[in-house]
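S.K.: As given, the protein sequences belong to chains A and B, one line each in that order.
For the first sequence, this note's numbering gives the first residue as 1, with consecutive numbering after it.
For the second sequence, this note's numbering gives the first residue as 1001, with consecutive numbering after it.
I should point out that these hints are in silico values taken from the structure, not numbers from a laboratory.
Values in this document were obtained by computation on a predicted structure and should not be read as measured data.
All residues carry an ideal CB built from backbone N, CA and C; glycine is no exception.
The reader is advised that the hints may include incorrect statements.
Stated by the list, open to error - If you anchor each label on the Cβ, the simulated ranges turn out as follows:
#1 A:ASN120 x B:ALA1073: 45 to 53 Å
#2 B:VAL1191 x A:ARG188: 35 to 43 Å
#3 B:ILE1113 x A:ALA182: 55 to 63 Å
#4 B:ALA1038 x A:GLU62: 49 to 57 Å
#5 A:ASN120 x B:PRO1188: 51 to 59 Å
#6 A:ASN120 x B:ASN1045: 30 to 38 Å
#7 B:ASN1045 x A:LYS43: 34 to 42 Å
#8 A:GLU35 x B:PRO1188: 50 to 58 Å
Each chain is listed here by its residues.
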Amino acid sequence: MNMQPGVSISSSSRVGAARIGIGGPVGSGKTALIECLIPAFAKRGVSLAIVTNDLVTAEDAERIRRSGLIDPARVAAVEAGACPHTVIREDPTLNIAAADELEARFSDVELILIESGGDNLASTFSLDLVDWWMFVIDVAGGGDIPRKNGPGVLKCDLLVVNKTDLAPHVGVDLARMERDSAKARAGRPLVLTNCRAGQGIDAIVDQILAKVLFR
Amino acid sequence: MTASLDSGLLVALQHADSQFPSGGFAFSQGLEASSQLAARLGACNFEDFLDVQLRHRWAGADRVALTRAYRLAGDLAKLTELDLEVEASTFVEGLRTGSRRNGAALLTTHSRIGTTGAAPYRALIGEGKALGHLAVVQGLLWRALGLEETTAVAMGGYQAAASLATAAVRLGLVGAIQSQAMLAKALPVIVEVSSTPVADDEPLRSFTPLAEIAVALHGSSGQRLFSN
């Protein structure tokens, strides 16, 4: 029985740009990854917009706007009210509204990247908000991160292990970290990246094109 | 004998619950700014801040807008006019924008779950024909859910107080348990200020200058956790 006279309980599919989440701990390189993804998607002819969730004001949004890589109007910032998990999971409405607004303003947008505001390993994206999401960890954060079995690492559609170039400098056995990641994810997708050198970026774009945009 | 449950009460609990996705967690109504600017504007005591917000903002402005919106019974054209009144009577840009974003976020959830009037009003906002201030949206939606006017007002007052309390906890101004004691003290205030009748054309009034000055000063700050 529906006890709410004004509510018609039905599932409805959304029509519009695909939305993907980019989560991961503070400092893991999410913004740097986005700065690599923007030109990579441009090369493949994918029209983008971006929503950032900064912990404090619009730091990441401003960085992307000033990068010269994308029309600054296509970048929206959503404050997380000190709750970076809430804004992408328990209450994603502000992000949904921001993405809807970008979609309405730029009718050619095919893909909206939604960057979380810096999480811990327990962070996950609501599927109310995104169609697919990746989780970014980095080598300098510790080679044991994949073994901690955080929900972010386990549940994401794609795990990105970033800053591979730092492995020898921080005492991390990269091959072991890759094996541990693959084991934790039971064979689900995993990409190693070094954003400073652009390594691994095409592999991420390929995944998104195939699994999200069906190209 | 088992007493029968009031389904309206359950609906009210669902929609007043902070778990209901509404975006409200991202707004502090000037509490963050007031606490950070205490050296310039004077000490910020959360209990006093809460009392001032309820008596001098919510009672005469948000409560009135919510009540009037409720009585418009889904008349979207008249709701857009009321929205303009809220816009004109909210002096500080950060509070105006916050109220609109919070209203849009609440409408987002209701549009998806199919609450009557939500999708059309959201479309008007998208077309630039409505502003979607929170109190107006609350009145529209809670009426559509079949809730009583007094229940809708109670929900609005409770949410105003509870969201400030959670913001105070996240800002480290009070503890989570302490905040509940303060919230309990605020409930009679909500009852008291809600006893003032609202005419169908009641003007919107508020007077919270210190909080507004704090929001205005804080607007360009690079160190904000909350939207306002």
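S.K.: Now tell me, hint by hint, if it's right for this structure.
M.R.: Now for the hints, and whether the structure bears them out:
1. A:ASN120 x B:ALA1073: 45 to 53 Å: With Cβ atoms ~46 Å apart, the hint holds.
2. B:VAL1191 x A:ARG188: 35 to 43 Å: With Cβ atoms ~54 Å apart, the hint is violated.
3. B:ILE1113 x A:ALA182: 55 to 63 Å: With Cβ atoms ~39 Å apart, the hint is violated.
4. B:ALA1038 x A:GLU62: 49 to 57 Å: For B:ALA1038 and A:GLU62 the Cβ distance comes to about 27 Å; the hint is violated.
5. A:ASN120 x B:PRO1188: 51 to 59 Å: 39 Å, violated
6. A:ASN120 x B:ASN1045: 30 to 38 Å: 32 Å, holds
7. B:ASN1045 x A:LYS43: 34 to 42 Å: 56 Å, violated
8. A:GLU35 x B:PRO1188: 50 to 58 Å: 53 Å, holds
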